[in-house]
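Engineer: Listed below are the residues making up each chain.
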Amino acid sequence: MTMPTYTRLASILAVCALTAGCAAPSNPDPRDPWEGFNRGVYKFNDTVDRALFKPVAQAYTYVTPEPVRSCVHNMFSNVRDLWSATNSFLQGRGHDFVNTLGRFLFNTTMGVGGCFDVASANGARKIPNDFGTTLGVWGIGQGPYLVLPFWGASTVRDGVGLIGDLQGGSYIYSNPSAIDNVPIRNSLWGLDVVDARASLLDTTDMVDRVALDPYSFIRDAYLQRRAAMVRGNAGGEGSLPDYSIDDEDDAESPAQPAAAPAATPAQ
Amino acid sequence: MRISAFSLLQRLFLAAIIGLMAAAAAHAKPDAHGAPDKFVLDAANEALDVLKADSKLKSGDLAHINQVVDTYILPYVNFRKTTQLAAGRYWRQATPEQQTALANAFRGTLVRTYSGALTNVSQNTSIKLLPFRDDPNADDVVVRSLITQSNGQPVGVDYRLEKDSQQGWRIYDMNVEGIWLIQNYRNQFAQQIEQSGIDGLIKALNQRNQ
Chain C
1 MTMPTYTRLA SILAVCALTA GCAAPSNPDP RDPWEGFNRG VYKFNDTVDR
51 ALFKPVAQAY TYVTPEPVRS CVHNMFSNVR DLWSATNSFL QGRGHDFVNT
101 LGRFLFNTTM GVGGCFDVAS ANGARKIPND FGTTLGVWGI GQGPYLVLPF
151 WGASTVRDGV GLIGDLQGGS YIYSNPSAID NVPIRNSLWG LDVVDARASL
201 LDTTDMVDRV ALDPYSFIRD AYLQRRAAMV RGNAGGEGSL PDYSIDDEDD
251 AESPAQPAAA PAATPAQ
Chain B
1001 MRISAFSLLQ RLFLAAIIGL MAAAAAHAKP DAHGAPDKFV LDAANEALDV
1051 LKADSKLKSG DLAHINQVVD TYILPYVNFR KTTQLAAGRY WRQATPEQQT
1101 ALANAFRGTL VRTYSGALTN VSQNTSIKLL PFRDDPNADD VVVRSLITQS
1151 NGQPVGVDYR LEKDSQQGWR IYDMNVEGIW LIQNYRNQFA QQIEQSGIDG
1201 LIKALNQRNQ
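Chains C and B are the protein sequences, given in the same order. Residue numbers are given in our numbering: position 227 of the first sequence equals residue 227, and the series is strictly consecutive. For any residue, its number in our numbering is found by taking its place in the second sequence, counting from 1, and adding 1000.
It cannot be assumed that every hint is accurate.
Stated by the list, open to error - With a Cα cut of at most 30 Å, we get these calculated BS3-like pairs of lysine-lysine: (1) LYS1038(B) / LYS1056(B); (2) LYS126(C) / LYS1203(B); (3) LYS1128(B) / LYS126(C); (4) LYS43(C) / LYS1056(B); (5) LYS1128(B) / LYS1029(B); (6) LYS54(C) / LYS43(C); (7) LYS126(C) / LYS1163(B); (8) LYS1163(B) / LYS1038(B); (9) LYS1038(B) / LYS1128(B).
Just so you know, these hints were derived from the structure itself, not from any lab.
I would like the entire structure built from these sequences, with the hints used as guidance.
Structural biologist: See the structure below:
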């Protein structure tokens, strides 16, 4: 990113901080104290996405045959597995570490350099992992929710984790920054971004269709998903949402004798 | 010799028939009063069988999808409880009419959410249960499953069920890759109700269902 981009971004955020774009939220969430600011960045990201990233990803999906796209996607995902495995190791999740390393080795050899995800086809589930999760497992709290320019949903901890991902991933050749040749490196980063956006096309379309407020829909989904990743597959404490918190005296009412009307179709 | 050959044929034929019957019985009718994990598996397999056999669903015909959902998914789901929990403390402020309207509007939104997923069902889509970790005698349990598609990663989907003495087990919440449905709508519901009341929320949901 060049300097002018930073300056422009800073001015957009400054304008947002001064105007109604960052109005006080109507239903504040304790996990999101910077909601006004975050909504400003969210709006900026959404505008950039609709003008640039989404059309490019759609064009890429349109012109590239499905097998090629899935090969590209699988290869990026495969080298990333190496970094996921490293993080599983750092978290002391030996089982995940061995599984992900096995996935990587199997896909790299039998899957022709990761082009085919033969491990998934054989039932080895991908275990996504990153440094933000590692920090969480080590006991560092997530901090306030934070929307990063261009990147999107994050938290203070996961933002720090991203720096770790970039540095660590480059150290073990798990992302394009490990490559010295600048044109190749930049092309690969570009392809990586386009691939990532293209694989999210269905998801963002769904959010557009079903979310009452896309901003809080994405925030709540992100925070839930990250909490689940830090918990891992152990389950246990906190893995089930407790819906009774602000609804406790509801148990007194009889178990909804009026359950029948819900069965009538809406349309 | 002739007689034994005939009886061999007969036996083969009989075995084939029994095999067919067993295959038909393999996907039993879901029993809401039985074990919760078996109930979810049977209900899911029943729905998958219908979806695989139905070519009209692929075209994304919303009216038809609604019909399939009404017949094969709705009887196993307690949408009213889902809506009640998503509305949280505002549920008690709503009149019974508003509650029913809200449940129906939310149901419409959810059918739209999942209709996209339903059109992705292919012949290779299958569901597998993960080990059940709850107390089988509890009346609020989580059944965990893994849904496998021909292309792409398997997706972890958990179902939360509650048992009541009349209707037996019914699903009221689900979790896709760590994200619980109700949890994800609570803030949005509260936000909309704070802004424009329960009727405003019903209206906003229905607008999306058009």
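Engineer: For each hint, tell me whether it holds in the structure or not.
Structural biologist: Status of each hint after checking the structure:
| no. | hint | verdict |
| --- | --- | --- |
| 1 | LYS1038(B) / LYS1056(B) | 29 Å, holds |
| 2 | LYS126(C) / LYS1203(B) | 40 Å, violated |
| 3 | LYS1128(B) / LYS126(C) | 16 Å, holds |
| 4 | LYS43(C) / LYS1056(B) | 38 Å, violated |
| 5 | LYS1128(B) / LYS1029(B) | 17 Å, holds |
| 6 | LYS54(C) / LYS43(C) | 15 Å, holds |
| 7 | LYS126(C) / LYS1163(B) | 33 Å, violated |
| 8 | LYS1163(B) / LYS1038(B) | 14 Å, holds |
| 9 | LYS1038(B) / LYS1128(B) | 11 Å, holds |
Hint compliance for this structure: hints 2, 4, 7 are not met, and every other hint is.
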